[in-house]
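Peer 1: So the chains spell out like this:
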Amino acid sequence: MKVIKGDCRLQTAVDYLTDYTGVIGAVIADHEGLVVVCSPPSLMHGEKFAALGPEMFDIADRIIGKIITPGCRHISLRTGDRWLTVAATLNFRLVVLADEKADDLLNVRIQRALEMIANHIKEKYPAEVYSARPEAIKKEEAMEASHV
Amino acid sequence: MIDTIELDDRIAKCEKILAADGNSQIFAALADAYRKRGDLPKAREICSRGLEMHPNYSSARVVMAKIYLSDGNYMAAKQELDKAINASGRSRAIDILEAEILIRLGRISEAAVILERLHASDPEDELVLNLLSIIGEEKTSVEENIKDAAGQAEKRAYSLSDIVSLIKITPRVMGVVVVTEDGLVMEGRFDGSISREETGALTKSIFDMTSAGGNKINIGATKEILIETQSSKLWIFNKEKFLLTIFARDDVSMGSLKLRIENLFSKADISIGSE
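So the protein sequences, as listed, match chains A and B.
Residues in the first sequence are numbered from 5 upward in steps of one, following the working numbering.
Residues in the second sequence are numbered from 1139 upward in steps of one, following the working numbering.
I should point out that these hints are in silico values taken from the structure, not numbers from a laboratory.
None of these values were measured; they are calculated from a predicted model.
Hints may be right or wrong, so weigh each one.
What the hints assert, rightly or not - Residues from chain A that keep clear of chain B, each with C-beta distances beyond 12 Å, as calculated:
| no. | residue |
| --- | --- |
| 1 | C12 |
| 2 | D23 |
| 3 | P45 |
| 4 | S46 |
| 5 | H49 |
| 6 | P58 |
| 7 | T73 |
| 8 | F96 |
| 9 | R116 |
| 10 | E119 |
| 11 | P130 |
| 12 | A131 |
Claimed, not checked - Result set (DMTMM-like, lysine to aspartate or glutamate): computed pairs, CA atoms no more than 25 Å apart in a straight line:
| no. | chain 1 | residue 1 | chain 2 | residue 2 |
| --- | --- | --- | --- | --- |
| 13 | B | K1354 | A | E119 |
| 14 | A | K70 | A | E59 |
| 15 | B | K1405 | B | E1366 |
| 16 | B | K1396 | A | E104 |
Positions of the beta carbon are idealized from the N, C-alpha and C atoms, including for glycine.
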């Protein structure tokens, strides 16, 4: 787990989500799929959510990007009794897991939490922390090209 | 109105060009001239032969659609027009032709939506006014049509095709597509240049890959997926035998859309999905 020490405002953002009825847990993951903060801290499989939520988001973004640009900013998946939301802000992903007790107003909280995260990251960290790193993208493209 | 002499002259010129170059795309103009002269069998024969060599020539597909329309074969006309749209997108002329075909097919509400849009962009267009008068739509709004269509449909069980049409005419819905487990498109209604096949394939990929992610974190079988972009929403519903995908503008009313879907499926024909 990649905990940013003293980053209580990010923790506040995820706690704000888990305060809501029906929310089981919320995780902020970085672009590598690692946990930045999670709520509750005892959340089962928090690292799994951090890894797989952004992966699902990126897959949907890549596919939908073929017909719509810019691509995905929010994906939500509902099962019989679970509701998983993955949303992007800057270079981070917010993953929220809720059960059937949560209602659609949770989306308002998610939006608010995303704003809190974005404001905090922009204030506290230099742009290269939260924007896509050109050298990383180039490397990724070169790797893709070598596989074609 | 083009007179017979002019048509004969055009036919002679086109035939001369076609005789010199059997591969020429002039066959479409020739077939259209025969159609206008009323010789539908000849028009169909020329156009079919030409389309065998030029299957993606959308103008010829449009001519073929007009031939079928004149012949009273409205389903075939619609299919040809869909192929033309898939090959090279829409134009005002294609929209008008589609509206006419939809009227003949009895799909009045869909035709009304197209005609209202065309009328708004050019209130003087006589072709559009004529078609509007046929369906008695000059004074009624699209919303009233939707209500009418919904009212009529409520009296009977919905087929999958009805459901797709009724969802499609919801304000701000740009497309609806139904995809089988194999990724084949069963039904689809779309505005714009996005093809239903393309959306069908993307729907299947997104659903499979995203659901696989959900399975890894043990949250159960996926019932629906909503993807939001800056300008639009893609909503995929797992209906067991098929996936229903709705492509809408960002400002669509999600609540009313969801209610409409639930309402329609609650009255669906039980044979749905095996069509």
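Peer 1: If a hint holds in the structure, say so; if it doesn't, say that too.
Peer 2: Do the hints match the structure? See the list:
1. At the 12 Å boundary, the C-beta of C12 (chain A) stays outside the reach of chain B, the nearest C-beta of that chain being 27 Å off.
2. Non-interface call for D23 (chain A) relative to chain B: holds, since the shortest CB-CB distance, roughly 21 Å, exceeds 12 Å.
3. Residue placement check: P45 (chain A) keeps its beta carbon more than 12 Å from all beta carbons of chain B (closest about 18 Å).
4. Distance check for S46 (chain A) against chain B: the nearest CB is about 17 Å away, which clears 12 Å, and the non-interface claim stands.
5. Residue-level check failed: H49 (chain A) sits 6 Å from the nearest beta carbon of chain B, not beyond 12 Å.
6. The Cβ of P58 (chain A) does not lie farther than 12 Å from every Cβ of chain B; its closest approach is about 10 Å, which violates its non-interface assignment.
7. The Cβ of T73 (chain A) does not lie farther than 12 Å from every Cβ of chain B; its closest approach is about 8 Å, which violates its non-interface assignment.
8. The Cβ of F96 (chain A) sits about 17 Å from the closest Cβ of chain B, beyond the 12 Å cut-off, so the non-interface label holds.
9. For R116 (chain A), the non-interface assignment is confirmed: its Cβ lies about 16 Å from the closest Cβ of chain B, beyond the 12 Å cut-off.
10. No Cβ of chain B approaches the Cβ of E119 (chain A) within 12 Å, the least distance being about 16 Å, so the stated non-interface status holds.
11. Non-interface call for P130 (chain A) relative to chain B: holds, since the shortest CB-CB distance, roughly 26 Å, exceeds 12 Å.
12. Even its closest Cβ contact with chain B, about 21 Å, leaves A131 (chain A) beyond 12 Å, as expected for a residue assigned away from the interface.
13. As the CA atoms of K1354 (chain B) and E119 (chain A) are separated by approximately 29 Å, the hinted pair breaks the 25 Å bound.
14. With a C-alpha separation of about 17 Å, the suggested pairing of K70 (chain A) with E59 (chain A) holds against the 25 Å cut-off.
15. Between K1405 (chain B) and E1366 (chain B), the direct Cα distance comes to roughly 28 Å. Violation of the 25 Å bound is thereby established for this hinted pair.
16. For a cut-off of 25 Å, the pair hint linking K1396 (chain B) to E104 (chain A) stands: about 17 Å separates their Cα positions.
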